[in-house]
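K.L.:
Next come the chains, spelled out residue by residue.
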Amino acid sequence: MREVVRFLQNGRVVELADVRPTETVLDYLRLRRGLVGTKEGCGEGDCGACTVAVGRLVEGRLVYQPVNSCIQFLGMLDGAELVTVEDLAENGQLHPVQQAMVDHHGSQCGFCTPGFVMSLFTLYHAPERQATRKTVTDWLAGNLCRCTGYRPIVDAALEACFNEIDDAFSRRADESIAALQAMEQDTRDVFIPQAEGGFFAAPASLDALAELAERHPQATLIAGATDVGLWVTKQLRELPQVIWLGRVRDLDRIEETPGGVLMGAGTTFAAAHPYMARIDPDLGELWRRIGSRQVRASGTVCGNIANGSPIGDSPPALIALGATIELRRGEDSRTLPLEAFFIDYGKQDRAPGEIVTGLYVPRLDPNHAFRCFKISKRFDQDISSVLCALRVTLADGTITEARLAYGGMAATPKRAEIAELALIGARPDRPSTWAAALKALADDFAPISDMRASDAYRKEVARALLAKALVEIGGTPDERTRVSGLRSGEVDHAA
Amino acid sequence: MQPDGTREAPAAAALASVGQSLPHDSAIRHVSGSAVYVDDIREPAGTLHVVPGWARDATRGRIVSLDLDPVRAHPGVVAVIGPADIPGKNDVSPALGDEPMFAEEEILFWGQPLFAVVATTREAARHAARKARIEVEDLPPLLTVEDALAADETVLPDYQFRKGSPETGLATASHLMEGSLRIGGQEHFYLEGQVSLAVPGEDGDMFVHTSSQHPSETQHIIARVLAVPDAAVTVEVRRMGGGFGGKESQANHWAAIAAIAARATGRPCKLRLDRDDDMIMTGKRHDFRVDWKLGHDAEGLLRVVDMRLFARCGYSADLSLGVVDRSMFHADSSYYYPDAMIHSRRLKTHTCSNTAFRGFGGPQGMLAAERMMDALAIRLGVDPLDLRKRNFYREGRDVTPYGMKVEEHATLHAIVDQLEESSDYRRRRQEIASFNASSPILKKGLALTPVKFGISFTLKHLNQAGALVHLYTDGSIHLNHGGTEMGQGLFQKVAQIVAEEFGVTLDKVKITATHTGKVPNTGPTAASSGTDLNGMAAKIAAETIRNRLVAFAAERYQVPPDAISFADNSVQLGERSMTLGELAREAHLARIQLSAAGFYATPNITWDRPSASGRPFFYFAYGAACSEVTVDTMTGEMRVDRVDILHDVGRSLNPAIDIGQIEGGFVQGMGWLTTEELVWDDRGRLRTHAPSTYKIPTASDVPEDFRVTLYASAGNPSPTVYRSKAVGEPPVMLAISVFSAIYDALASLNPGTIPDLDAPATPEAILHAVLSMKRSRAG
Ligand SMILES: Cc1cc2nc3c(=O)[nH]c(=O)nc-3n(C[C@H](O)[C@H](O)[C@H](O)COP(=O)(O)OP(=O)(O)OC[C@H]3O[C@@H](n4cnc5c(N)ncnc54)[C@H](O)[C@@H]3O)c2cc1C
Ligand code: FES
Ligand code: FES
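From first to last, the protein sequence lines are chains A and B.
So in our numbering, spot 170 of the first sequence is number 436, and the numbers just go up one at a time.
So in our numbering, spot 746 of the second sequence is number 890, and the numbers just go up one at a time.
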């Protein structure tokens with residue numbers, strides 16, 4: 267057992283014993299350390315002003331990811347390197363990304379700027395990037411700027427981020443890697459006790475995690491905390507007991523089998539991205555549009571599922587693909603089809619103390635066709651008003667089986683069972699044969715109105731998306747059906 | 145006249161600093177994280193944190209009971225303050241006395257503060273603030289324009305401009321047309337939220353660091369609530385993390401609460417609003433319904449316009465007088481209305497009090513005018529650009545509905561003609577027609593729209609500014625003026641002007657925080673006028689010192705004054721050369737004053753509101769934008785494909801900063817008209833009070849093909865500082881081209897039918913319009 271959290275900062279290991287379970291990295295920096303370069307713009311992961319870079323070892327390489335420090339808990343830094351805007355300049359010389367921001371007039375009020383600089387820093391260090399505007403705008407989707415209109419920032423990124431990597435961080439990478447490795451070798455479970463039975467725990471093995479979760483069924487399990495962080499910062503919920511699964515290496519595994527992909531519960535959206543894109547380009551695009559770089563770097567696919575939201579993006583797509591999840595409580599494991607996990611609003615098939623350990627996503631067969639669409643007010647970093655995913659099995663152009671799932675249409679991610687039935691026997695290239703399926707959606711769903719969309723819009727769009735999927739499967743090229751996310755589009759989805 | 149149609153302005157001498165694309169004064173600090181915002185100031189020992197408390201279940205109602213004991217009992221709470229703790233007046237309104245700091249009897253909107261918690265940490269204060277037990281007897285709230293119209297409730301009297309005889313015009317016009325448009329509001333979403341740090345001093349003094357566009361007003365309101373003389377309160381603003389009008393009056397409330405808390409506890413008190421509280425409690429851009437009627441001839445030449453502007457002002461007047469006036473001043477856009485009735489109502493609703501937002505009402509008025517043009521073009525089956533040009537102000541057709549003559553219409557024509565050419569408008573018009581003919585699902589649209597924006601505060605007394613310049617004996621210069629820096633680059637532009645006067649490089653000019661003790665009684669930094677006013681005041685101050693130096697040196701060295709020049713960090717005195725510091729030292733020993741205050745009042749404005757006559761604007765700023773969009777008629781999704789902008793900044797003081805204002809303003813305007821939707825539920829609760837639900841543009845929303853050019857101006861014909869033009873607000877309205885392009889795409893679905901599209905054009909709004917176009921085609 268280890269009763270301290272350790273991370274690397276400026277080449278030095280910081281060791282902290284006083285870590286409150288839900289203290290955020292941002293508060294730690296600003297309030298405890300007086301490092302006020304990192305800003306708070308929203309406290310909910312949406313604006314990026316609080317972006318810091320977090321370096322971790324991935325297969326021996328040091329990888330820097332952008333992280334929203336406002337919703338990341340301090341204990342989650344354990345074993346990582348933390349880089350903030352104050353750390354970039356070297357002997358009074360600006361870092362290349364900082365200099366490019368100055369040269370291109372990339373700041374006006376400057377409040378968003380440290381966050382952009384840190385996102386650009388991670389892009390600068392990202393391997394094998396295509397130097398395109400799209401790479402940049404995707405990388406910056408989680409950074410809002412209200413002043414500049416972004417053009418100068420994108421230009422700064424294009425100039426600075428795609429050159430040979432040469433900065434203080436690359437030059438001392440060997441030492442940093444050694445320091446991170448040394449920390450990694452300490453495989454004791456982290457347990458930081460608090461008053462009145464509270465704790466922050468970060469077990470290092472699956473068995474320890476399962477045991478701890480079973481012993482404390484009321485504790486809050488966190489993976490990326492991109493949902494749980496907001497319970498604390500926005501809803502002001504007190505979470506006295508927190509178990510972080512980020513140190514369990516067994517949960518990081520991703521395996522490609524002949525039939526599909528197996529991912530552990532630690533798999534972030536970012537890590538899953540290339541695998542999903544290989545299954546279908548629409549999945550790649552959906553993944554690209556989930557949250558932002560920052561959110562995808564921390565947020566996990568299984569967290570998205572376990573969270574149980576009716577507007578989570580991955581569940582409908584995964585349901586259409588026929589995915590299954592694996593759960594474990596104590597020593598007992600079980601597997602179930604993903605759609606069975608979602609029982610009702612806020613209610614999932616998960617016992618207290620039970621952990622989601624992994625997810626299996628079957629690949630598409632040659633006789634499958636797949637389409638997936640996300641509708642939101644804004645293309646990037648927005649929550650869906652409607653998400654539609656369709657997998658059809660085709661024999662000689664006729665549908666023999668359909669899996670059609672929607673988000674935003676019901677209290678849970680849900681299959682459109684009546685429409686699915688109506689699709690059997692239809693031919694995508696003949697619209698008249700699927701008119702009944704479009705109609706059937708009205709029987710499948712009675713959506714609600716909220717700030718994202720009205721019920722009428724949701725119904726109309728649910729039909730339109732099914733129609734669009736079928737039109738495309740029927741042969742209409744997607745340049746003629748879509749304003750964004752072309753299937754043949756620039757593919758850029760490495761982790 | 146120049147070949148391009150602009151008028152000749154006096155040729156400028158070669159300039160060293162003015163006109164250079166220098167970076168923002170704080171650029172290096174911004175990228176390093178060392179630029180200090182209010183929340184970054186190292187807190188004085190013992191600083192307490194303040195969070196306002198409110199009734200989460202009440203929109204409008206009578207306060208029956210307020211039990212704050214649970215709040216007081218929360219660990220860390222030092223004090224809970226309410227109306228009884230205010231030594232002065234319980235009012236934080238800019239003028240009319242209708243905005244209590246803490247509601248006392250009646251709650252007037254969802255989010256109105258009732259008390260504030262003062263605690264040792266911000267976290268403790270946030271938790272405690274939610275613990276109040278509040279009982280409210282609900283009263284029916286007025287929420288919409290229609291509610292307020294039915295109740296006949298306004299925050300200020302109605303107001304109108306009449307030109308000619310609109311009644312006769314409407315009665316005699318050969319063709320009539322009418323319509324109605326709803327225009328959504330807009331949240332400022334400055335990245336830095338409202339924040340103030342109040343530090344109590346001796347003898348009742350209060351020093352307040354705040355993020356305010358109007359430090360003088362903040363000072364006066366704090367003095368009012370503390371019941372101390374203005375002179376006892378000092379307000380300082382080094383920089384804001386964005387303002388956009390949202391900190392013109394809306395910063396006062398929080399600064400005043402912080403000051404009251406500091407007075408009550410005797411300790412420094414900081415109040416930084418949560419993003420949700422900020423979005424719930426502070427005012428936004430006014431949303432409008434505009435009903436219009438026009439008469440025209442067979443060619444589409446306007447004969448008469450009757451426009452009724454219904455603005456939802458919220459629970460108090462705030463700045464609604466000026467905001468809605470400015471909507472009226474821009475209800476003509478760039479078009480000549482021979483007869484006109486521009487009528488406005490400032491409606492009272494039980495929602496947050498709407499306020500200044502970049503453009504200050506102008507965008508709403510202009511949007512309505514452009515909608516009239518689009519609708520009329522569709523009805524007549526003509527290209528909207530041709531119709532626009534036909535109705536432009538021109539010689540002999542140059543008097544606005546408020547009686548001011550448009551003198552610079554040639555600039556408008558030149559800009560639009562050049563943009564039409566450079567954007568390849570006509571060819572693309574053809575291409576889009578053929579694309580649409582063969583594309584059943586995706587439809588493209590194109591629009592080229594003009595901007596003409598009046599520069600000056602329409603409240604005449606605000607058109608004045610002061611500056612304070614000191615020259616020290618080492619040659620360094622201390623620069624101070626009444627303008628505030630919110631990212632727009634004002635500080636750098638003014639520093640460039642002062643550097644120019646002294647012939648020094650920018651590193652010799654120390655930019656300092658706006659401070660009510662240095663330059664008093666200032667106006668807000670608003671109305672795009674920051675540089676026009678403060679640049680001129682600073683120039684005058686610098687000139688005063690320089691003239692003293694010249695007079696002194698001419699005598700001391702026996703050289704004629706015109707043989708003395710200031711350039712390249714040195715002073716040339718005939719054959720002799722010395723540094724500015726050397727000259728300053730000599731002047732100082734000779735007891736010459738090296739400090740000067742500058743004062744400037746804009747000339748040539750004579751607006752008289754009661755009689756609705758005179759000249760409200762010193763000049764107009766012009767621009768035009770051409771936007772192309774693609775609309776998905778199945779889902780309502782929309783992509784902006786290309787935008788070309790040509791904008792007039794007169795002779796630019798700093799082209800990089802000006803282009804930044806144009807691009808940023810355009811993107812902000814585009815957000816207002818597309819993704820940014822404010823949603824209130826049927827109980828008057830704002831449902832979009834965080835960036836998770838309120839969507840400002842991201843980097844990928846900006847068109848890949850985005851071409852911004854400064855108009856090659858020979859200079860502002862009006863004698864502004866270095867013949868520049870104001871640039872803060874006008875670019876917002878360039879985004880109307882996007883909204884019009886969407887309209888154009890919709891119109892292609894059923895030529896001749898007027899689409900039913902309100903702003904913002906969210907996917908849902910677009911799909912709604914698509915479906916009604918399809919129905920009208922079928923029916
Ligand atoms: C700015 C922002 C944008 C977002 N955008 C999107 C979006 O576009 N689409 C979308 O779908 N979501 C979005 N989200 C929501 C969120 O990112 C996802 O739901 C994410 O997948 C959650 O994963 P996590 O690892 O962060 O979960 P956490 O926050 O750590 O946990 C979420 C929930 O799952 C539980 N949990 C986590 N892991 C396990 C496990 N292994 N076993 C059992 N229970 C577990 C937790 O106890 C908690 O109840 C966004 C969030 C933010 C802050
Ligand atoms: S503060 Fe906005 S994302 Fe963290
Ligand atoms: S520079 Fe002001 S928000 Fe980006």
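One or more hints might be untrue.
Examples of chain A residues lying across from chain B (beta carbon under 7 Å, computed) [said to hold, decoys possible]:
1) Ala315
2) Tyr626
3) Arg629
4) Ile641
5) Asp646
These are computed hints drawn from the structure, not numbers from a lab.
The beta-carbon is built from N, C-alpha and C at its ideal position, and this holds for glycine as well.
K.L.:
Need the list of violated hint numbers for this structure, in ascending order.
P.N.:
The structure breaks hints 2, 3; every other hint is satisfied.
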